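Peer 1: Chains as they are written, first to last, in our numbering: chain A, 1 to 414; chain B, 1 to 414.
Hints in this document: simulated from the structure, not taken from any laboratory.
A portion of the hints provided could be inaccurate.
One copy or two, either will do: identical chains are not told apart, so a pair holds if it fits within one copy or between any two.
[What the hints assert, rightly or not] Restricting the straight-line Cα-Cα distance to at most 30 Å, the calculated cross-link-like pairs of lysine-lysine (DSS-like) are: (1) 116 to 32; (2) 32 to 69; (3) 69 to 29; (4) 106 to 69; (5) 32 to 86; (6) 348 to 410; (7) 393 to 54; (8) 254 to 116; (9) 372 to 225; (10) 248 to 32; (11) 410 to 38; (12) 248 to 29; (13) 390 to 410; (14) 254 to 32.
Keep in mind it's a predicted model, so treat the numbers as computed, not measured.
Listed here are the chains, written in short residue letters.
There are 2 protein chains.
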Amino acid sequence: MAEIAVLGHGVVGSGVLEVLYSHRDSITKRAKEEIDVKYILDLRDFPELPYHEKFTKDFNKILQDESIKIVVEVLGGLEPAFSYVKACLEHGKSVVTSNKELVAAKGAELLALAQKNNLNFLFEASVGGGIPIIRPISQCLAANEVSEIAGILNGTTNFILTKMIRERMDFSEALKMAQQLGYAERNPAADVEGDDACRKICILASLSYGTHVYPKDVHTEGISKITLEDVSYAEAWGGVIKLIGQVKTLENGKIQIEVCPMFVSRESQLATVDDVFNGILVRGDATGDVVFYGKGAGKLPTASAVVADIIDCVKHFKARKYLFWEDAREDYVEPYENTFEDVFVRAKAVNSDFALETASRVFGEITRLIRKEEPEGEIGFTVANIQVSKLQKSLESLESAGVSVLNHIKISDF
Amino acid sequence: MAEIAVLGHGVVGSGVLEVLYSHRDSITKRAKEEIDVKYILDLRDFPELPYHEKFTKDFNKILQDESIKIVVEVLGGLEPAFSYVKACLEHGKSVVTSNKELVAAKGAELLALAQKNNLNFLFEASVGGGIPIIRPISQCLAANEVSEIAGILNGTTNFILTKMIRERMDFSEALKMAQQLGYAERNPAADVEGDDACRKICILASLSYGTHVYPKDVHTEGISKITLEDVSYAEAWGGVIKLIGQVKTLENGKIQIEVCPMFVSRESQLATVDDVFNGILVRGDATGDVVFYGKGAGKLPTASAVVADIIDCVKHFKARKYLFWEDAREDYVEPYENTFEDVFVRAKAVNSDFALETASRVFGEITRLIRKEEPEGEIGFTVANIQVSKLQKSLESLESAGVSVLNHIKISDF
Numbered sequence: 001m002a003e004i005a006v007l008g009h010g011v012v013g014s015g016v017l018e019v020l021y022s023h024r025d026s027i028t029k030r031a032k033e034e035i036d037v038k039y040i041l042d043l044r045d046f047p048e049l050p051y052h053e054k055f056t057k058d059f060n061k062i063l064q065d066e067s068i069k070i071v072v073e074v075l076g077g078l079e080p081a082f083s084y085v086k087a088c089l090e091h092g093k094s095v096v097t098s099n100k101e102l103v104a105a106k107g108a109e110l111l112a113l114a115q116k117n118n119l120n121f122l123f124e125a126s127v128g129g130g131i132p133i134i135r136p137i138s139q140c141l142a143a144n145e146v147s148e149i150a151g152i153l154n155g156t157t158n159f160i161l162t163k164m165i166r167e168r169m170d171f172s173e174a175l176k177m178a179q180q181l182g183y184a185e186r187n188p189a190a191d192v193e194g195d196d197a198c199r200k201i202c203i204l205a206s207l208s209y210g211t212h213v214y215p216k217d218v219h220t221e222g223i224s225k226i227t228l229e230d231v232s233y234a235e236a237w238g239g240v241i242k243l244i245g246q247v248k249t250l251e252n253g254k255i256q257i258e259v260c261p262m263f264v265s266r267e268s269q270l271a272t273v274d275d276v277f278n279g280i281l282v283r284g285d286a287t288g289d290v291v292f293y294g295k296g297a298g299k300l301p302t303a304s305a306v307v308a309d310i311i312d313c314v315k316h317f318k319a320r321k322y323l324f325w326e327d328a329r330e331d332y333v334e335p336y337e338n339t340f341e342d343v344f345v346r347a348k349a350v351n352s353d354f355a356l357e358t359a360s361r362v363f364g365e366i367t368r369l370i371r372k373e374e375p376e377g378e379i380g381f382t383v384a385n386i387q388v389s390k391l392q393k394s395l396e397s398l399e400s401a402g403v404s405v406l407n408h409i410k411i412s413d414f
Numbered sequence: 001m002a003e004i005a006v007l008g009h010g011v012v013g014s015g016v017l018e019v020l021y022s023h024r025d026s027i028t029k030r031a032k033e034e035i036d037v038k039y040i041l042d043l044r045d046f047p048e049l050p051y052h053e054k055f056t057k058d059f060n061k062i063l064q065d066e067s068i069k070i071v072v073e074v075l076g077g078l079e080p081a082f083s084y085v086k087a088c089l090e091h092g093k094s095v096v097t098s099n100k101e102l103v104a105a106k107g108a109e110l111l112a113l114a115q116k117n118n119l120n121f122l123f124e125a126s127v128g129g130g131i132p133i134i135r136p137i138s139q140c141l142a143a144n145e146v147s148e149i150a151g152i153l154n155g156t157t158n159f160i161l162t163k164m165i166r167e168r169m170d171f172s173e174a175l176k177m178a179q180q181l182g183y184a185e186r187n188p189a190a191d192v193e194g195d196d197a198c199r200k201i202c203i204l205a206s207l208s209y210g211t212h213v214y215p216k217d218v219h220t221e222g223i224s225k226i227t228l229e230d231v232s233y234a235e236a237w238g239g240v241i242k243l244i245g246q247v248k249t250l251e252n253g254k255i256q257i258e259v260c261p262m263f264v265s266r267e268s269q270l271a272t273v274d275d276v277f278n279g280i281l282v283r284g285d286a287t288g289d290v291v292f293y294g295k296g297a298g299k300l301p302t303a304s305a306v307v308a309d310i311i312d313c314v315k316h317f318k319a320r321k322y323l324f325w326e327d328a329r330e331d332y333v334e335p336y337e338n339t340f341e342d343v344f345v346r347a348k349a350v351n352s353d354f355a356l357e358t359a360s361r362v363f364g365e366i367t368r369l370i371r372k373e374e375p376e377g378e379i380g381f382t383v384a385n386i387q388v389s390k391l392q393k394s395l396e397s398l399e400s401a402g403v404s405v406l407n408h409i410k411i412s413d414f
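Model the full assembly from the supplied sequences, consistent with the hints where possible.
Peer 2: Written out as structure tokens, the structure reads:
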């Protein structure tokens, strides 16, 4: 019998209980041992639940109970989650978490602590919800050099973009709908401004390249500036706009990592990842492109990933799973300004000819895109392989010359 | 130092050596031990290779060498692969294989033998080449009931169908091109008639439901009867034709399993899996739909999956991985004739009105599809939820009434 504690009885926590109870037989068979929840930590009371006697408000009770070898942290947020997880690892308890904020901020420290104490610290559910991604990257792709990862990592923004693309809702209308359906929080900033996707690409980058990348070092843009005009230009170009978290290795030994909306070609496997679904492309030197697709959030998908980690913990009490990365290195992330990209620019001036001539003069070679119902004075065009610092200066030159820059969006290379 | 032997130095075998040598450092780090190939079994000589001194033609030398704890079988085919693998498992050696024919025919027996001797028998590379699928199904989805698996499991037929759909090549022309590019064998029957896909869906079904399913018990159709007319009707219906291996659980406790071309809706994630790529959809009660996409064959993708298994074997000398299924049960597979399906029928008669009237009389409710350039006398229509035995009788009735049935194709439900 493996006795565990669950910290937090919110959406994911209650889902973990539901999955553990409803799949008890198959889980026991796979873990080769019965798994029993001894404590659930929550400040609230749930007298109506059949397992109400398991609740406690006292974390120390869990910490001091030596029969508890595995603690499941599904509180979310940085504190008290970090203090609790750290204390557990210091007290000989392996930890399973779904908390991407925690892993993105403290992964290196917690993995080092787990390694020191010969414990497991597992977090399959922190990226991609029910999609197996942490384990496949760390195991199946062990025989690969991963050159690039690109993913649609946030379901809320993908839902909003899908509504904009398919139903021509504007951003605020689509956001309102996402809130009504419970896909977006009342304060949607963490999703909409790209912070959530940023944490996830940081975790995938850290895992794939062995060096922690902190969110603060990642250029992050959200989707709140995307308009239906941009959507139309993307269509004219031959694709759709998706919020992408991307990391790749550069020849100088650094990595390029960013989160921003991108034009994604209709031919790409990520172009058809719609609604609240996530899709993650992993490019390996031996495997080529492998794509994982599924529900990136939600109670049961996330809970099932947590439970898979619990099972792995039970099976590996004595053998640690290989999951490790070093703390961040200076100069490891290429500064955003130094990176190169293909880019789409939307601009306007007194008339289209003037705007186009000015853009050609400033950028050199440009490729014009023409969208449906394009008004006189507005132009859309793409520029190939320009360094971001030069792009920024060029956009300023456009403005100085009397051409207003309405938006610019990166064009993806996958 | 973990010493291993590789049986067979063909495409996959030489790829395994290439991956092991080119990723030596990262593999050692992950396996926590260096992996060295001590023997390579092949009847041919390779004097030009830097590791030519490792070759042997004598399997018994490997079998009797107690330092060899892991044997990699990449010979393909049933014999001598089966005899060799069995002997290895009887002599205390874990086995990694990419051989789908072997696993589909002898999986239950070999897994039981491995279990009895506390050894591993791993076969990630047998399905989906470089796509991680065996491990995610057995581990990450442990907390799920899998209700259905549907996959594009054969790259050769998918390449042919893609050429038919996108470039309007006919079947024989597309097959010839696949042969010229090395995607199809000179004798393409195993791919084209669905046998290869059948072995793979048998492996996935056995793994997911814990009971071996033998290829002989699976209704299997290939793609050689698919015409450009069928492709046009699929387009009119709103999708494409794909060769699908599918298994699902039925309410009566049996499983429904088959391999056949199907109409797949444009909305499905499998519809955009093109060329030689594979895509596998796994439907779990907690995760919802998860899709895995990538190169299903080829030297390095397959080799990298084999190497991932080797690493797992090295890490788990003392702990067996959970991979197990029982031998086949009688009455476990629902007879094909008893299953229900939505189906597309293409037929012709002296004129279209007569054909349609007859079809309506025979089938009851039908939905007509109209393709581009449909000639007088030809009709296409769909029938919802009909039992296969009744479908077969109805098609005979059509024929008797003077309407020739040109083709009928299942319509997918994912």
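Peer 1: Indicate, hint by hint, whether the structure satisfies it.
Peer 2: To see whether the hints hold, each was checked on the structure:
no.: 1; hint: 116 to 32; in the structure: both (26 Å within a copy, 16 Å between copies)
no.: 2; hint: 32 to 69; in the structure: both (16 Å within a copy, 25 Å between copies)
no.: 3; hint: 69 to 29; in the structure: both (19 Å within a copy, 27 Å between copies)
no.: 4; hint: 106 to 69; in the structure: within (21 Å within a copy, 39 Å between copies)
no.: 5; hint: 32 to 86; in the structure: both (28 Å within a copy, 26 Å between copies)
no.: 6; hint: 348 to 410; in the structure: within (19 Å within a copy, 52 Å between copies)
no.: 7; hint: 393 to 54; in the structure: neither (61 Å within a copy, 60 Å between copies)
no.: 8; hint: 254 to 116; in the structure: within (28 Å within a copy, 49 Å between copies)
no.: 9; hint: 372 to 225; in the structure: within (20 Å within a copy, 42 Å between copies)
no.: 10; hint: 248 to 32; in the structure: between (39 Å within a copy, 26 Å between copies)
no.: 11; hint: 410 to 38; in the structure: neither (50 Å within a copy, 50 Å between copies)
no.: 12; hint: 248 to 29; in the structure: between (40 Å within a copy, 22 Å between copies)
no.: 13; hint: 390 to 410; in the structure: within (14 Å within a copy, 55 Å between copies)
no.: 14; hint: 254 to 32; in the structure: between (43 Å within a copy, 26 Å between copies)
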